[in-house]
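2 protein chains.
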Amino acid sequence: MTDTTQNTRILLASRPHGEPTADNFRLETVPMPQPGEGEVLLRTIYLSLDPYMRGRMNDAKSYAAPVEVGAVMEGGTVAEVVESRDPSLAVGDVVLSHLGWQAYGMQPARQVRKLDPQRAPVSTAVGVLGMPGFTAYAGLLEIGKPQPGETVVVAAAAGPVGSAVGQIARIKGARAVGIAGGPEKVAWLEELGFDVALDHRSPTFKDDLKAAVPDGIDVYFENVGGHVWDAVLPRLNTYARVPVCGLVAHYNETEAAPGPDRMPRLMQTILTKSLTIRGFIQTEFVKAHYKDFQHEAAGWIADGSLQYKEDVVEGLENAPEAFFGLLTGKNFGKLLVQVGDDPTL
Amino acid sequence: MTDTTQNTRILLASRPHGEPTADNFRLETVPMPQPGEGEVLLRTIYLSLDPYMRGRMNDAKSYAAPVEVGAVMEGGTVAEVVESRDPSLAVGDVVLSHLGWQAYGMQPARQVRKLDPQRAPVSTAVGVLGMPGFTAYAGLLEIGKPQPGETVVVAAAAGPVGSAVGQIARIKGARAVGIAGGPEKVAWLEELGFDVALDHRSPTFKDDLKAAVPDGIDVYFENVGGHVWDAVLPRLNTYARVPVCGLVAHYNETEAAPGPDRMPRLMQTILTKSLTIRGFIQTEFVKAHYKDFQHEAAGWIADGSLQYKEDVVEGLENAPEAFFGLLTGKNFGKLLVQVGDDPTL
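Those sequence lines, one after another, are chains A and B. With numbering that gives the first Met the number 0, letter number 181 in the first sequence gets 180, and the count goes up by one each step, no holes. With numbering that gives the first Met the number 0, letter number 229 in the second sequence gets 228, and the count goes up by one each step, no holes.
Just to be clear, a hint being listed does not mean it is correct.
Because identical chains share one entry, a pair is satisfied inside a single copy or across any pair of copies.
The calculated lysine-lysine pairs, modelled on DSS-like cross-linking and capped at a C-alpha distance of 30 angstroms, are [claimed, not checked]:
id : residue 1 : residue 2
1  : 272       : 329
2  : 290       : 171
3  : 272       : 286
4  : 205       : 329
5  : 272       : 290
6  : 272       : 171
Honestly, the hints are just simulated from the structure, not real lab data.
Start from the sequences and build out the full structure, keeping to the hints where you can.
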């Protein structure tokens with residue numbers, strides 16, 4: 000039986016230097032919080048693990064404040080209302096929330112969004128119908144702007160963002176080339192209908208990519224960096240667009256890479272090819288495009304043109320290990336931690 | 000008396016390795032060309048010298064084909080019609096043309112544009128009312144998109160592109176910070192109304208820039224690269240836009256710069272600050288915006304809000320030397336070679 004007087008949570012115990020380790024986290028048990036007026040007490044069902052969390056572990060200025068040492072690790076969650084002090088939510092409602100790495104948590108009711116389990120599995124609210132799906136949708140359509148017949152290349156293509164990018168590119172009439180790590184992921188991309196799927200671990204990757212884009216690359220959706228970017232850069236066409244939403248290959252770097260310094264050459268390539276390189280965080284596009292996304296993506300899921308895969312790890316205590324795997328590409332599909340039972344299944 | 004049976008021209012004699020030298024050019028005299036049907040024979044008045052010409056001397060793929068070894072160096076010109084075999088142009092007309100580095104040349108009449116000397120000095124057709132002015136206008140307004148109160152920083156600000164960028168930024172209600180080499184240029188930028196003008200040769204340049212942009216940089220108009228870019232990059236605001244139309248500091252580089260490799264760090268800055276870095280050549284915007292530019296710029300010149308300076312070198316034979324100076328910032332204002340008399344003065 001669940002202990003409803005105690006909450007379990009995972010804190011940032013210390014900041015990592017380079018690759019994070021188990022020592023950077025601490026699991027603790029504390030008394031159950033009590034909701035105040037306008038708040039709800041929530042029981043976590045799914046915790047979403049995402050690469051951006053690595054950035055939050057650093058004490059560095061970025062688009063969001065870092066997690067403080069001693070604070071609960073941040074994260075999106077799907078949770079069930081167990082106590083409500085707001086008329087808008089009832090016990091048993093399932094909501095999209097941002098409780099972080101913990102079994103229970105409180106949030107003001109107006110900061111969570113009630114989910115309709117009839118519409119789609121509630122886990123998709125942190126996946127294909129949530130932040131990762133919207134990152135793909137907004138970055139590809141608002142920055143990448145693929146035209147019919149153009150070639151779109153996406154890295155980490157078996158992840159929740161990349162798999163949506165490639166499928167939406169095809170829905171818009173573009174050619175989709177997906178890059179992933181290992182034959183199993185490559186096979187799945189082929190199932191999804193990617194025009195070409197490539198394994199970046201192959202010793203012939205650079206040549207494979209060249210052969211896969213005979214007309215060059217018009218849109219490269221960047222969420223990896225590293226040797227994939229190195230192989231893509233010479234293949235970009237004039238006027239190519241590069242939405243940059245992640246650089247997971249570099250998140251654990253502690254010092255600058257050895258020379259030569261390729262920054263001046265990159266700037267010259269941007270100039271001579273009239274490239275657009277554009278960093279973004281999906282929040283920027285929420286106001287203008289989130290509603291359309293929800294509507295369109297639900298339609299594509301219903302008609303089978305947008306498929307997704309989830310990689311579910313059981314138990315909050317296994318979140319750190321699962322997160323380490325995410326940073327090295329071990330997950331296959333959207334990585335979720337099942338923290339508690341899903342009452343909608 | 001002018002010899003009308005002979006033409007003088009400057010050819011690309013060999014490709015430079017690094018900094019170009021006099022040996023890379025050859026001056027020769029050849030018989031005067033004879034225009035065919037639909038063509039005009041033109042006498043060069045002004046030859047425009049521009050940094051992009053350095054790129055044309057290389058045998059490298061870029062946005063335009065290189066000049067072949069043994070061919071006339073490329074370049075925009077203001078010229079007088081001396082013989083016409085097309086009804087649209089008469090002897091004595093002055094036209095914007097692209098004859099390259101030569102005293103006479105032929106072009107199909109439909110490829111040149113007749114100038115109205117009453118409207119503005121004809122030299123401005125290759126300056127503030129021509130390619131450099133339009134580069135400033137299109138890059139700043141279509142890519143930089145400065146909003147009232149934002150901070151626009153421009154390098155090579157005493158050049159024909161940079162001086163227009165700063166002044167147009169102010170016309171649009173933005174703060175303009177100009178960067179140039181030496182106190183004389185800095186003083187001129189202050190005369191033009193730049194909010195701040197900085198000397199990049201100053202030992203305190205980095206700190207001077209920091210002090211000049213207390214609210215950070217929203218638009219950096221890049222036409223230089225090098226240590227100016229290094230100083231600007233940490234000061235860019237979230238959502239800053241960087242139109243890149245030139246990188247003159249790097250044009251003579253023959254090998255990659257020594258490490259560390261700053262490319263991954265640049266990509267991370269693009270990500271965390273949601274930057275837009277966008278290379279461009281003004282030709283891309285001609286169809287949509289050239290007419291508006293001509294109209295608006297003429298108005299700004301007339302009301303004094305857009306001023307310009309010309310740096311005129313006498314004699315075609317001095318073009319190579321003047322061009323070397325252009326690549327190291329010796330010119331002050333739009334660099335022109337006066338190849339022949341200007342009949343409109």
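Check your understanding: Under a CA distance limit of 30 angstroms, which applies to residue 272 and residue 171: within one copy, between copies, both, or neither?
Key -> Both, since 24 angstroms and 29 angstroms are each at most 30 angstroms.
Review point. Should residue 290 paired with residue 171 be assigned to within, between, both, or neither, using CA atoms and 30 angstroms as the limit?
Key: within (19 angstroms within a copy, 34 angstroms between copies)
Review point. How would you classify residue 272 and residue 286 at a CA-CA limit of 30 angstroms: within, between, both, or neither?
Key: This pair counts as between: shortest inter-copy Cα distance 19 angstroms, intra-copy 32 angstroms.
Exercise for review: Since the copies are identical, ignore which copy is meant and state whether residue 205 and residue 329 lie within 30 angstroms (CA to CA) inside a copy, between copies, both or neither.
Suggested key: within (22 angstroms within a copy, 43 angstroms between copies)
Check your understanding: Should residue 272 paired with residue 329 be assigned to within, between, both, or neither, using CA atoms and 30 angstroms as the limit?
Key -> between (35 angstroms within a copy, 28 angstroms between copies)
Exercise for review: Give the relationship of residue 272 and residue 290 under a CA distance limit of 30 angstroms: within one copy only, between copies only, both, or neither.
Suggested key: Between copies, since 25 angstroms is at most 30 angstroms while 35 angstroms is not.
This entry satisfies every hint, going by the numbered hints stated previously.
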